[in-house]
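Peer 1: Spelled out, the chains give:
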Amino acid sequence: MVDDDRRDRLSLLNRFADSQSSTSRRRLLKYLGATGVAASLAGCSGGGSGTTTQGTGGTTQPTQQAERTHGGTFISASTNTTNGVNVFRIGDGETSDRALLVMDTGYTNEGPEYDDFLPLWFDQIEVKQPINEVEITLRDNLKFGEGYGELTADDYLWCIDNLWKADWASFTYAKEFYVGKNDDPIQFEKVDKYTIRETIPDSRPFFPYNEPLSDMFPIPKGLAKPYVDSQDAEGLAQDESVMKATFNGNLGPWDLKRWSQQSVMAFERADEYYLRKWAKEDDRVPEVLAEAPYFDEYHIQYFDKSQTARQALQAGEIDTAYIPSTQVGTYKQKDDLKLYKNPYRSWSGYLGINHRANGWTQLRNKKVRHAMAHIYNNQYVVENILDGRAGVQNTLYPTWGPYYPEEDAVTFDDSLEKAKQLLKEGTSSDYGYDGGKLLGPEGEQVELTVVYQSGETDDLRAAYLKQRLDQVGIELKQETTSWTNLLGNYFQTSQKAEGFSGEIGYGDDNVQPSAYNKGPWDEAVSAQPWDFMLTLGFDYGPLTPAGTIASLFGERENFNAYGYSPSKDLAEMRDEAQTADTREAAASTIREMLAFISEERPVIFEYNPYNYYAYRNDVHGIGQSPPESYFANLQNRSSSRMFFSNGESGR
Amino acid sequence: MKWYIAKRLLWTVVAVWIALTITFGLLSVTPNPGMTKAVMGCAAAGDDPQQCREQFKQQHDLDIPVTERYENYMVNMATLNWGWSDSRGQYVTSAIADAWKFTAQYAIPVIVLSTLIGYSIGLYSAYKPYTLTDYAGSFVAFFGISIPNFWFALVLIMLLGTRFDFIPVYYQSGIPVEQGWFSLANAMQLVLPITVMLTASLAWQMRYSRAQALEQMNQEFVKVAKAKGASQFRLMIYHVLRMAAVPLSTSFVGSLIAIFWSGSVIIEQIFAIPGLGYMSYTALVEQDTALILATTLITVFLAIIGNLIEDIAYVVLDPRIDYGDR
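Each protein sequence line maps, in turn, to chains A and B. Numbering-wise (the UniProt record's numbering), the first sequence opens with residue 1 and increments by one. Numbering-wise (the UniProt record's numbering), the second sequence opens with residue 1 and increments by one.
Rather than coming from a laboratory, the hints here were simulated on the basis of the structure. Possibly wrong hints are sitting among the right ones.
As the list claims (entries may be wrong) - Quick list of the computed label-pair ranges, beta carbon to beta carbon:
hint, chain 1, residue 1, chain 2, residue 2, range
1, B, Phe150, A, Gly499, 45 to 51 Å
2, A, Gln379, B, Ala97, 39 to 45 Å
3, B, Asp61, A, Pro226, 20 to 26 Å
4, A, Trp168, B, Phe150, 45 to 51 Å
Positions of the beta carbon are idealized from the N, C-alpha and C atoms, including for glycine.
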């Protein structure tokens, strides 16, 4: 399990990943690289309906402005490398998080409805009906630093043409600027100094929720032009000003003060943060931000060993650290610390099933998978292995999400009798029980393999699976491996299936969607055989699950390493949702997809984990624990809203 | 002697060249993890993996002949153009320049203290073997050797850092910048790392020096010195240590490299010290090729130069040894 909830915040960034283009797939990789455990996909986004021109802004503030104090150095523990704030080369969640400290973005969502947003750099977003034109108006007090001048529409347009869409730059999110099945480009034009008009070539029901400019970080023309002229992407990425975002001017709440590699990134309060003005003048911006941020300095202290971080927290040397769920009980007892619980994580843990030719053939039968859902009981896993610190999932989606198919989600109890019955019915005629053992065609007891990366939770999950399978007469072999090996030799489909001699791929053109799905289940298999897989989980994005579902379980989609062949065309359903005329229609399609995979169980859905953080008692403004909603969590612990009770860190 | 040193220095260049060539050869035949990652990324993103592979090769000069790459590599190494470290986001030379100070500030005290204290206890134990003090010394030595560094470090952190709040739990790299490398605050946060490192290296020095001293204790010249009424201090320092120092001097390089590779990686990880040990570890974990090469070079260089210094020390400590005719 990953050690923090960065994914949550990134899911927010993923909001504009509305396409069947590679956008969402790129983001998935971002998570693969960033966390080493989980992966994320974004797809069709969700929200309310109607046209909007203004964010609703304003949130419930637990603390009045007058009570907030200034000062001190807030130190946050991180077990992720402190590798720069390079806004040109954001490819992972950690870099995103750091970049967001020094530069804001266009806006940030504050609720599931698409007009629930806090306007940041963007003052206005006007959407024409039908949704094919968006006009964005920038605030008029945005300034780059280092003498690069004002941030205006020209800067965005210059970056689009010269950096973000340019071939030589290999910008990670270049495809954000194209939409639809044919990757048609979005047209951008300048209306006036502060206004940009976007013309969308296709029906996109969720625009501007997934509008591409809102999460882009413009780089000043004066800084980037020499690299653009020489087409030197490496030079730009390694430029000191870019690496440290020293050109950020008044665009973010913090400035990078000191960066000691593999140790600490120290940020200091930005002198002229643009949003302070708007907090006083713009009703949509919370008053609390008029003096934000409230610390003099904000440090991200890197710890390779999370245990050292927790000791430092207890010693009062740092102010917050992640607490693994297994240690929550201990930290609840500590008087000088307070625990923050976040049950709104867009992450799904499940028992993967290999449907491909080098997995147990019988797992391609739904009844056998249903038997497995009885055997490997998700309620038990959540209550006993995860100690109740997770939610049960019966589809690739949390019960708290707006698309959860309440009535259509299929559940299974832990009945071994039903499991045995389903195994009898679901396996082919050459399988059968002899005494308590399930025997295969050769008369031998069925033995299956589970592969996973060893860790406290996964070891327990594997042990539980073994014990339960044993009770229905199936043996289980446990194989542990490294994360890299898990992906490379088990999740990737790099080999031809035994007995297949043709060219791997789908259709006449032998299309190979990705390294994880090079072809149909009977053509492409992983280098090592396996039946079940733990460790790997996926981020679905609570408002963007359609792309995730299709990518993981759509037959010809990028991340269908499982080799699952659904009876419904999930990719078509995703496209249908993403190009629907109304948001209601899109939501309906998404619910249908979720209900379908709940009943199909291509994998055994398990849990939606909670996150815990401990804070020193004198840190305030962290918000309600647990937060009211997914979005409340995103804003609660913002570095701009927290403060020390006595105005200093006390160290 | 001068000719010997010159030859040894020349050999150092040859040995470093061989080590670098082997490293280059191994890296050339090993699949490039960066390329694998890039190709995987492209494939997953729906792009053409082959195109990405070619692009990666072009970006990293892998499309040019291996001989040309080898030449570039050697020239870069010789001119200290060691490349860019992806895992740290800075040039490799800058990375090393940043990191070595953090390691040196605790490694040097550990080497000095372990030598002084270890040899003192070792000599004392040898002077009074099989007594209570000798047994106590042996206990300390075996405890130091046996106790795992990482566990001992965590216990000390919990006890002295968290529970009693005597000293900082982790190393704050801002302190030497803001208050100075030789400030009290910096010294305080080095107490735990030095203590942990000291337990292992001190024990090793102590046992080794005791064994060497015991061997000398039975020599005729020691008995004569004793009979002539030499004081305990004079006997041990002037007679015994002088002779034992020759074999003991060979332990310096070994202990230095042991500290660098085994001890410092663990210590720096646990105490969050951004030094060379942790940098090397991260380079390996992150498969940061440029940084791996640089850290390999440093280790090879340290080993070879260290051996040379040892050999020279032989001559200084024992005038009977002469390299003049070599």
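Peer 1: Now tell me, hint by hint, if it's right for this structure.
Peer 2: Results for each hint:
no., hint, result
1, Phe150(B) with Gly499(A): 45 to 51 Å, "holds (50 Å)"
2, Gln379(A) with Ala97(B): 39 to 45 Å, "violated (56 Å)"
3, Asp61(B) with Pro226(A): 20 to 26 Å, "holds (23 Å)"
4, Trp168(A) with Phe150(B): 45 to 51 Å, "holds (47 Å)"
The earlier numbered hint that this structure contradicts is number 2, and it is the only one.
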